[in-house]
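Visitor: Each residue of the sequence shown is one higher than the last, beginning at 131 in our numbering.
Among the hints, a few may not be true.
Unchecked claim - Pairwise CB distance ranges (calculated):
1. Ala208 <-> Glu152: 33 to 39 Å
2. Ala208 <-> Leu155: 34 to 40 Å
3. Pro179 <-> Ala154: 29 to 35 Å
4. Gly185 <-> Pro153: 40 to 46 Å
5. His150 <-> Gly177: 40 to 46 Å
6. Ser186 <-> Pro211: 36 to 42 Å
7. Ala148 <-> Ala208: 38 to 44 Å
If you are wondering where the hints come from, they were derived from the structure by calculation, not from laboratory data.
Keep in mind the model is a prediction, meaning the values are calculated, not measured.
The beta-carbon is built from N, C-alpha and C at its ideal position, and this holds for glycine as well.
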Amino acid sequence: GYGESNFLWRQSSSDVGASHVEPALKGLLEAAIAENDVELHAPNLLGVPHLIRVGSDDTAVHPWWSRRMLRVARGAAAAAPA
């Protein structure tokens, strides 16, 4: 199955063991994946019609990821200035 590495990295970077990582190294590793961060790019969807569809036999992308993107996009729309 497919998993978003940024999500997994954030989970592990908030782990207690992450406090032992040198801050410069942690910053470098986080910068390497920042361009793929869903939350950073969600505001780009504001005003753009989109349809999220999930196939019942889809083995490449679990429906959770599509639903998560929809939640993030709705959150970005709610946070946008009027």
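Visitor: Each hint needs a verdict: does it hold in this structure or not?
Guide: Consistency of the hints with the structure:
1. Remark: the range hint 33 to 39 Å for Ala208 to Glu152 is upheld by a beta-carbon distance near 37 Å.
2. As the Cβ distance of Ala208 to Leu155 is approximately 35 Å, the hint placing it in 34 to 40 Å holds.
3. The hinted window of 29 to 35 Å between Pro179 and Ala154 is violated, with their beta carbons roughly 42 Å apart.
4. The supplied range of 40 to 46 Å is met by Gly185 and Pro153, whose beta-carbon atoms lie about 43 Å from each other.
5. Checked against the hint of 40 to 46 Å, the pair His150 and Gly177 passes, with Cβ atoms roughly 44 Å apart.
6. In this structure the hint that Ser186 and Pro211 lie 36 to 42 Å apart at CB holds, the actual value being about 39 Å.
7. Range check, Ala148 to Ala208: Cβ separation about 30 Å, and the 38 to 44 Å hint is violated.
When held up to the earlier numbered hints, the structure conflicts with 3 and 7 and fits the remainder.
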